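Chains as they are written, first to last, in the working numbering: chain A, 3 to 340; chain B, 3 to 340; chain C, 3 to 340; chain D, 3 to 340.
Just so you know, not all the hints are guaranteed correct.
You can't tell identical chains apart in this list, so a pair holds if it fits in one copy or across any two.
As the list claims (entries may be wrong) - DSSO-like, lysine-lysine: derived pairs with alpha carbons at most 30 angstroms apart:
hint	residue 1	residue 2
1	204	307
2	150	29
3	47	307
4	120	29
5	307	76
6	150	201
7	204	24
If you're looking for bench data, these hints aren't it; they were derived computationally from the structure. Source: prediction; values computed, not measured.
Number of protein chains: 4
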Amino acid sequence: MIIQLEPTISAGQKADLFQQLKAIEVKPAEVSTQFGHYIVGVGKKEFDIRLIGSLPGIRDIHRVSDDYKLVSRKWKVEDTTIDLGGGIRIGTGHFALMAGPCSIESEDQIAKTIEHLKQSGIRIMRGGVYKPRSSPYSFRGLGIDGLKLWYELASKAGIRIITEVMMVEQIEDMLEYVDVFQVGARNAQNFNLLDALGKVDKPVLLKRGISGTMEELLQAAEYIFSNGNERIMLCERGIRTYESAYRNTMDVNAIAMLKAKTHLPVIADPSHGIGIRRFVDKIALASLMAGADGVIMEVHHTPEKAFSDGQQTLSFPEAERLYQQLEMAYQLRSSFES
Amino acid sequence: MIIQLEPTISAGQKADLFQQLKAIEVKPAEVSTQFGHYIVGVGKKEFDIRLIGSLPGIRDIHRVSDDYKLVSRKWKVEDTTIDLGGGIRIGTGHFALMAGPCSIESEDQIAKTIEHLKQSGIRIMRGGVYKPRSSPYSFRGLGIDGLKLWYELASKAGIRIITEVMMVEQIEDMLEYVDVFQVGARNAQNFNLLDALGKVDKPVLLKRGISGTMEELLQAAEYIFSNGNERIMLCERGIRTYESAYRNTMDVNAIAMLKAKTHLPVIADPSHGIGIRRFVDKIALASLMAGADGVIMEVHHTPEKAFSDGQQTLSFPEAERLYQQLEMAYQLRSSFES
Amino acid sequence: MIIQLEPTISAGQKADLFQQLKAIEVKPAEVSTQFGHYIVGVGKKEFDIRLIGSLPGIRDIHRVSDDYKLVSRKWKVEDTTIDLGGGIRIGTGHFALMAGPCSIESEDQIAKTIEHLKQSGIRIMRGGVYKPRSSPYSFRGLGIDGLKLWYELASKAGIRIITEVMMVEQIEDMLEYVDVFQVGARNAQNFNLLDALGKVDKPVLLKRGISGTMEELLQAAEYIFSNGNERIMLCERGIRTYESAYRNTMDVNAIAMLKAKTHLPVIADPSHGIGIRRFVDKIALASLMAGADGVIMEVHHTPEKAFSDGQQTLSFPEAERLYQQLEMAYQLRSSFES
Amino acid sequence: MIIQLEPTISAGQKADLFQQLKAIEVKPAEVSTQFGHYIVGVGKKEFDIRLIGSLPGIRDIHRVSDDYKLVSRKWKVEDTTIDLGGGIRIGTGHFALMAGPCSIESEDQIAKTIEHLKQSGIRIMRGGVYKPRSSPYSFRGLGIDGLKLWYELASKAGIRIITEVMMVEQIEDMLEYVDVFQVGARNAQNFNLLDALGKVDKPVLLKRGISGTMEELLQAAEYIFSNGNERIMLCERGIRTYESAYRNTMDVNAIAMLKAKTHLPVIADPSHGIGIRRFVDKIALASLMAGADGVIMEVHHTPEKAFSDGQQTLSFPEAERLYQQLEMAYQLRSSFES
């Protein structure tokens, strides 16, 4: 059950509400976000929700039978749109392209990527400064200094930054230089990180775990929302299966189903979804047709020299061709929905 | 190594060839199909293939490093097209739609489906008369009598029949009444069935196993081809993963990769690929964008009353909407390839 | 619902019974096996089973809520024991060892294996004469002639034969020369083969599919039982997972759970379960402790020269050491159960 | 390549060494642990390791071709033993039992558990005070206060504490009250947490990820070791597969293989490995026979009232029976190894 409160609710009215909830054995959790003030109630008893809904100070009330509540479409039917400012929006009606290298490597690389994005009309740049690497002996990113340099160049160019945060302690330092925080697949159930990102007023792109279920992904998003941050995107990036012919198995079923289960935008990552450069375009297009609200992909001015993930990274000409195809496919898809 | 022989090769020339192969420790397998006569050679020694290629009676020779040979694109670069007669073709340039019920149930059902297909311009009808069922107590299909009835109605309407064969003994009885034999996911490595279908001059649609790899699927096709039947389609129908939110996980990566690895047409089965009616359209479109040469889907005049698979079966109006979307998406995809 | 009939039930009593079942909307399936005559009833309505149970000609009646019925322990609480004659029994209280090569290769190999088994007191020999192989160009077994030769040597030595049957047509030819038919993982849902083996009075060892579920395995066994053959063993041989460090992942959970769900004996195949020779002993012992009623394993006089599966095949000295360890572990396990 | 340095190596000798490594294009990483000082070198060029090994100040040098280095048995052949003081050791020759509730709930529960452990001679108690929960609305543990209370009671009783740490910030507060830090499956690739635990002089039990590979688990351990902490145990706790009949699939193959690949102790968690109380004993015994150096399991004085994981938690009498069985099985296994 989700109860949305009026901003004007009085202390007495709230006390009354809590008493009523206690009477019907509902355990309430208070949630205050950028956009509203809610009570999430968990209980098992049958009761008439109109009794609660008609109390003063209450805007509306919905039953939500899912284990996740605030991210469920059962409560909020219309799609969430995330506004990054400057006319950059993510969500239904605004197909979002995000591109950039796996790792931020140098000023030259940043500059070349920004130039490429500007020419293609792409306004969100991805890149990693903290890199989760299987081996402790691998390159682990340029860190906060790399981020500052990148932010300086990107913000001048009107480009937004999306980058991975790996631990709670990094958030404060990164906050000023990041437009969208990304939570990687390995941290998809790092609940403390999710809690902390719920307390920050920056959008979060949450990747599905390496073998995460729909349920786990939505519950992870619930962590962020219930801590106060409504600006969440989910990202399908391929799952681990028995098939070793590709790095991961892109799960277009998940994209289609997530769009039905949640009001949050769903982004596809075809680079990780298949992990092989020559197929990234087809997987990006497939993901779009399955319903993705955007695509995040790895591009590099010289993929074969990239510090990481070169085998799945597109060159600029390859990427430009794909941007155009995605734009056309998005137009077609939109025509189906009207 | 694949050696294609001239039809005019003499016995003496062939004997010479075999002697040469023996000298370089290549184990030869002779393959005669509807369209050619080949020697498939397996060996480990290094040698100059021109020595073999320049022998009399030999049309061409190719190295094929894959474990599958005749179905590999390394040998045959151009796409295979399968001609079902009457202008019905499957393969590049001919997007194939196949639709029909999970199970053939009655004359009325067949007639209604044929009517629907004709109105939509669909010329291949799917349906099961031998049904693989998990439980021995479930409905197992109408059998050969159902097939004969179906064939009578379909052939009058110019509609081709694709239906599953489950065992070698069924082939002979079915042969006259079937246009395309389907091998189901549970028989994807029923090697005796594959052998037998290699000896029949009817096209075969081979489904990927429930947890089949790319390699296994292509090797299974090799069984059919090496027994003499080149007219093979592969079918991606979703794989088994840890995710239980859908019946199977549609693997669009497989579609994209199969198109690169083999010259055979690749068909997508979105009905089984996700197993939930409301998402079949999105998964069909995603599969097409990943490169599928056709889509096979379950439709029924009253899905909720279907004998089997009703939960993933489209109604006729739903299907008609999807046929049109697929047609438009196919046009768009074709424009990308030119 | 399973109704066991008295052998003396009259036609009139049976007709009465069917009428009663019809009245409560239960769909009956008649099953006659080597050991009994049953009605398996599937229905959804609530009713008092005593009304049926007290009819004349009925020995007993049980509700079975599982989708599989006759193989369920809910109906038959005591363990099934399979008697191969000559004092050779499989089932609780009789830990069964079965060993032999992957493929039957030659008279010499058979003789050496029999000698090894006799010295070790093992009385069931495994081996393949029809081999399911991923590639059509691989060795596919010696076939029926190999089987006859093997049977001649084995029966003289008092050794029973377990070997794989791949298709219905092979059964008749093989019948005389086989003590236990094995159904391989790739045919775990070859329902026609299961049907046919249900009509044969020889025990069947049924392997779990490559990614078969508990439910599917038990339903597959139900096919055999409901066609008339009660003498079934189940075999856990490892499943396909994302982990590629071993050939399969031995699933000891399945062994423990199957022993609770069914009255049939459960055999473990550690050779395929891990696929790496040096670990076969540990996996065999683990499987035993999880509750296996027996172990089937690959042994060869010169594993490195075996025609197939050499990498997972034990040498005779390795096997002898393991037989002894298994015997000791079985004694220990038995002491826990008393 | 791993170079172990003499404690007495001089600055000049070290400088020489680094110059030599540079010459052969080896990238060196310095590692100082509780027990030694190492250089881990990663390079691709061929060279004679004796040239390095014979330099002054170097104790020994080994090639290690695995991607993980310091945790590999290729470098350190003898098993690592972890000493918890008071005669409590984990590693070969010291079968370790760890038991306790999923969550620490109350003083009464702690006291009862300690009493049970003491009577059974178990000296390591597990329990969670920070609980990773799928839903943000679930009980998340008693936190640091619960830990302090627990530590007070346990240390009086001579019982060691193993408990999960979820984030870097918790380490400092917990340090004084913890004997072994546990890293949970969801944090198996939380590299910052692993880095931080590498800097702490307390043993770490590292769980395999929900779908972690052998390679990933060993690389995760390498993170801890290369940051300075050699006292690491690995824990197999079941993996995620397609089978939904149990919570996870216990992977005994992993236990057998890890014992061959690494010198670190390997612990089995049968409670999570199958997730169903009645089978925990069989899975524990199976894991032991596969080679586990210890078992960690969930026990509770009233499992049905446990705050979490009750369905997989043993009662005290059930646990006592299992402790004895494990002890006997361990004796048997030891007899095989001698």
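Results of checking the hints against the structure:
For a Cα distance limit of 30 angstroms, the shortest separation of residue 204 from residue 307 qualifies neither inside one copy, at 32 angstroms, nor across copies, at 41 angstroms. Taking the shortest alpha-carbon separations for residue 150 and residue 29, only the inter-copy value of 28 angstroms comes in at or below 30 angstroms, while the best intra-copy value is 44 angstroms. Taking the shortest alpha-carbon separations for residue 47 and residue 307, only the inter-copy value of 20 angstroms comes in at or below 30 angstroms, while the best intra-copy value is 61 angstroms. Taking identical chains as interchangeable, the C-alpha atoms of residue 120 and residue 29 are never at most 30 angstroms apart, the minima being 50 angstroms within one chain and 38 angstroms between chains.
Taking identical chains as interchangeable, the C-alpha atoms of residue 307 and residue 76 lie at most 30 angstroms apart only when they sit on different chains, with a minimum of 28 angstroms there against 47 angstroms within one chain. Taking the closest pair of Cα atoms, residue 150 and residue 201 come within 30 angstroms of each other both inside a single copy (22 angstroms) and across two copies (28 angstroms). In this homomeric assembly, residue 204 and residue 24 never come within 30 angstroms of each other (Cα to Cα): the closest approach is 34 angstroms inside a single copy and 44 angstroms across copies.
Consistency note: the structure conflicts with the earlier hints numbered 1, 4 and 7.
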